[in-house]
Amino acid sequence: MKKELKLTVNGQPYELYVKPKTLLVQVLRDHIGLTGTKRGCSDSSCGACTIMLNGMAVKSCSILALQANGAEVHTVEGLAKGTELHPLQKAFLDYGAYQCGFCTSGMLMASRALLEENPKPTKEQIKEGIDGNICRCTGYNSIIRAVTAVVKGEYKEEK
Amino acid sequence: MSKYSVIGQRVRRVDGPEKVTGNAKYTFDIVLPNMLYGKILRSPHPHARILNIDTSKAEKLIGVKGVVTGKDTLGKKQGIWRRFPELCDEEILCREKVRYVGDPVAVVAAVDEDTAEEALDLIDVEYEPLPAVFDPLEAIKEDAPQIHDGVELNINVTRHIEWGDVDEAFKKCDRIREDQFKCSSQAHMCMETHDAVASFDYSGKLTVWTSTQASYYIQALLAGMLGLREGDVRVIKPPTGGGFGSKFELDSAQFCASVLSMKICKPVKIVLSREEEFTATKRRTPMYYYLKLGAKKDGTLLAKEVRVITDGGAYTGMGATALYLTGFFSSFPYKYPNYRYDGYRAYTNTAPTSAMRGFGAPQSTFAGESQLDMMAEELGIDPVEIRRKNGMTPDYVVPGQAFIQSCGLHECLDKIEEHIKQRRKLPPNHGIGIAAYGFMSGGIFNWFDTPYAFSAALVRINIDGKVDLFTGACDIGQGSDTTLSMICAEELGVKLEDIRIHAGDTGICPADLGAWGSRETLMNGNAVKRAAADAKNQLLEFAAAKLGANIVYDMDIKDRWIHLVDRPERGVSYFDIVKEAIRGKDGEVIIGRGHYTPHRKGMISPAYSFGVQAAEVGVDTETGKVKLVNVTTAHESGTVINPVGIEGQLEGAIMMAGGYGFCEDQPMDEGKILNPSIADYKLIRSLDMPETKILEIDTYEPEGPFGAKEAGEGLTNPTAGAIANAVYKAVGVRINNLPITPEKVLRALKEKPKQKK
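Sequence lines, in order, name chains A and B.
First residue of the first sequence: 1, per the numbering used here; consecutive thereafter.
First residue of the second sequence: 1, per the numbering used here; consecutive thereafter.
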């Protein structure tokens, strides 16, 4: 029996009907078509599906879609403003903070949530902020350098 | 003017903007109209005869559109060692027998994944369990169960390499050491699991989108297995979420999706679950290593004897190559005058083992570099010194095997020695261990028996000066799209943004053997460079006519300026000449072609990279836990095309090879992998990642494009050995089997006082 789900994704309101067991990641990817959010596992241990839910980094495979009823969700697709990339995206490009790119959306969202909560994290705090996200390609250090560059103000967000 | 305009610059990757915006469409993201979802039923037994498969109940389930078993296939066996039919031993959909827990037996297509999953429960497979064997040392015994018909003692492949007179040389040695090592398995753990979307149409053509390292191999193998012409199979590689050696053989997702699609003429998508990825795709080859090393008092290494038994798992795959390469790289990077290797690959009833980043060399480097440190200690020689005394040098010939051209090993040793001296004062229970290594830039062997060039490229110059580069190279995250675009731009004398690369699509790109064996930069790079040069020469003909220069002048293009090399100010715009050249060719676009196949370069590879790594560890003597503190690598890979790419390869390799050294493992019980989830498979996360430092050494490889050679896999080779040597330096215990877990360290620490008595 499908139930009504209302949520906002990247500022766009959606009304859908979903099965109670549907995960938030499935709604984002399969129902709304935002495939930037990835899935690398099924037990919330890889972080590829990390999104922001009401300002917090959440693994979107770890909650039911209906638990996000009324919530404000942000995904990687909402990071750039039009064609202007978010500072984290620019830093990721310049510091080579991705390779295959499959973890990148989750990494970016975990980093963004971290910076919103703590705009001046130490290196150790950055490491903690992305510890739930696995990257099999980069060895993390380039990601840490990219986030550090944003923290240091190397990239300004367009107002 | 600097020598290069594009090469060596810190550029943004060409695939970057799509990836950081979530816009890149992986196979995982592809949805086609009328697409069905497939799920694979796999064997719960390590070894069993299939008596009957009843799919009738599954077929009746609402939403199920097709069920396929081995009986619906042509019954062929496939393998990537096509030259040797007996090594093509994998049906993928088993007809008579299953050989490991995870072997596919049936596949269902349904309207959604849940329905397909439900249908799997309705398939009734009647098995007759057979005795099974899980360890290669057991598998080669007389009374062991036979896994493949006609394969005596389960010995799948053997390999012998020898030069010099080993037995005679051992007689002249002052010291001889004999040691045993055990190298564990490892999961590739790509973030995107194996997946495929196959679409067979009514005109008899198959298109497959798949996460792969080698679209040409998949095209050729699928055609063979499905009875299609190669040209009727188009394999497209979208952005691929990692490979590391796991994605250049035909896999169950690709084959099963294709078989289903051919049966029902609808697109079918199969994505392996993470559990399937851990249990039913190939993995790093575990090895038993026996090493005998003989040296003179002064540290000169006179002879080495290597015997290896590898755990092949159920099928051959690329495991036969790993057997060869581990034997060859056991001699690396030293000048052994006398050397003998005997390798045996045994089938077991476990998940098949195959290629993984480093391809047998991380195993040989762990064992060899551990033993070399032991020998150095016995002789009272510094570890750097013994490596310096025996290390390879430029223009060295490995007898009967290889020609080394560029080699910066000695410069790497100097740099690492400096680094160690700088860090002299270490905290208690800390130690620095080193390991030297080398690796190939693409394999010369052609067991796939391709009639095509190893690499090829086409360059098309359009009227606006924009360049389309077509290549079969596969970017799996390592950055070959960017590296090859840079090579193309440099050779053609245009800017990186002038290049648009089209790669890994067999429908439009010339064949390339793909991304494995660290081959793309050198092999495909050479093909791209030649294609760009061919196109450039066509432009230069017109430019020469226009400029009316004396024919003794050489002409070239740099930064979109076509000019006389000796008088760069005398020239003409690239854009103008492109327009005129196309007009002059009766409107035909300019197409340059290039290919590369190594000739007269020995048995292994046209070029080798070298390096030395120093790992600093801290050992907690209470818990036995090894903490990787700092990894510093002196590395040479010829001319660096893309510096950001090298940094990424290096740091990523440390994450993977460090994990191999002290935490990643796949324990089994009766052939069943016990930790098939990311939660249970311990790998290095951001908090465990050490400080990393790269000390780049300049070399120039004559065989490589602009002097470049590999920088992908070699970096995976040293870390486990360096960690083992560091643990010994830190707390005086020698762990000879991987991974170096707290349990093993603690046990060794407890044993240590006894050993001393």
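Simulated from the structure, these hints should not be mistaken for laboratory data.
Remember, it's a predicted structure, so these values are computed and weren't measured experimentally.
It cannot be assumed that every hint is accurate.
[To be verified] Below, a list of computed lysine-lysine pairs in the PhoX-like style, where the Cα atoms sit at most 25 Å apart:
#1 Lys729/B - Lys627/B
#2 Lys81/A - Lys25/B
#3 Lys71/B - Lys205/B
#4 Lys25/B - Lys127/A
#5 Lys682/B - Lys123/A
#6 Lys152/A - Lys693/B
#7 Lys71/B - Lys123/A
#8 Lys127/A - Lys627/B
#9 Lys123/A - Lys625/B
[Stated by the list, open to error] A few chain B positions that, by computed beta-carbon distances, are all more than 12 Å from chain A:
#10 Val11
#11 Lys60
#12 Ile123
#13 Asp165
#14 Ile176
#15 Cys190
#16 Asp342
#17 Asp395
#18 Ala453
#19 Gly507
#20 Glu569
#21 Gly571
#22 Ser677
All C-beta atoms, glycine included, are put in the ideal place defined by N, C-alpha and C.
For each hint, the structure was consulted:
Taken as a hint, the Lys729/B and Lys627/B pair is honoured in the structure, with Cα atoms around 14 Å apart against an allowance of 25 Å. Our distance criterion of 25 Å between C-alpha atoms is met by Lys81/A and Lys25/B, whose separation comes to about 20 Å. For a cut-off of 25 Å, the pair hint linking Lys71/B to Lys205/B stands: about 22 Å separates their Cα positions. About 28 Å separates the Cα atoms of Lys25/B and Lys127/A, which puts this hinted pair outside 25 Å; it is violated.
About 23 Å separates the Cα atoms of Lys682/B and Lys123/A, which keeps this hinted pair within 25 Å; it holds. Of the pairs offered as hints, the one joining Lys152/A and Lys693/B holds, with about 22 Å between alpha carbons and a cut-off of 25 Å not exceeded. Between Lys71/B and Lys123/A the CA atoms are separated by roughly 57 Å; this puts the pair beyond 25 Å, and the hint is violated. In summary, the hint linking Lys127/A to Lys627/B is supported, as the alpha carbons are separated by about 16 Å, within the 25 Å threshold.
For the suggested pair Lys123/A and Lys625/B, the alpha carbons sit about 23 Å apart, so the restraint of at most 25 Å is met. Taking the minimum C-beta to C-beta distance to chain A, about 10 Å, the non-interface status of Val11/B is violated against the 12 Å cut. At the 12 Å boundary, the C-beta of Lys60/B stays outside the reach of chain A, the nearest C-beta of that chain being 23 Å off. At roughly 22 Å, the least C-beta separation between Ile123/B and chain A is larger than 12 Å, which holds for a residue marked as non-interface.
The non-interface label for Asp165/B is consistent with chain A: the shortest C-beta to C-beta separation is roughly 44 Å, beyond 12 Å. Every CB of chain A is more than 12 Å from the CB of Ile176/B (nearest about 39 Å), matching its label as outside the interface. For Cys190/B, the non-interface assignment is contradicted: its Cβ lies about 6 Å from the closest Cβ of chain A, within the 12 Å cut-off. Listed as outside the interface, Asp342/B is consistent with that label: its C-beta sits roughly 34 Å from the nearest C-beta of chain A, beyond the 12 Å cut-off.
At roughly 34 Å, the least C-beta separation between Asp395/B and chain A is larger than 12 Å, which holds for a residue marked as non-interface. Non-interface call for Ala453/B relative to chain A: holds, since the shortest CB-CB distance, roughly 27 Å, exceeds 12 Å. Annotated as non-interface, Gly507/B keeps its C-beta farther than 12 Å from every C-beta of chain A; the closest such distance is 23 Å. Distance check for Glu569/B against chain A: the nearest CB is about 34 Å away, which clears 12 Å, and the non-interface claim stands.
No beta-carbon of chain A comes within 12 Å of the beta-carbon of Gly571/B; the shortest separation is about 33 Å. For Ser677/B, the non-interface assignment is contradicted: its Cβ lies about 6 Å from the closest Cβ of chain A, within the 12 Å cut-off.
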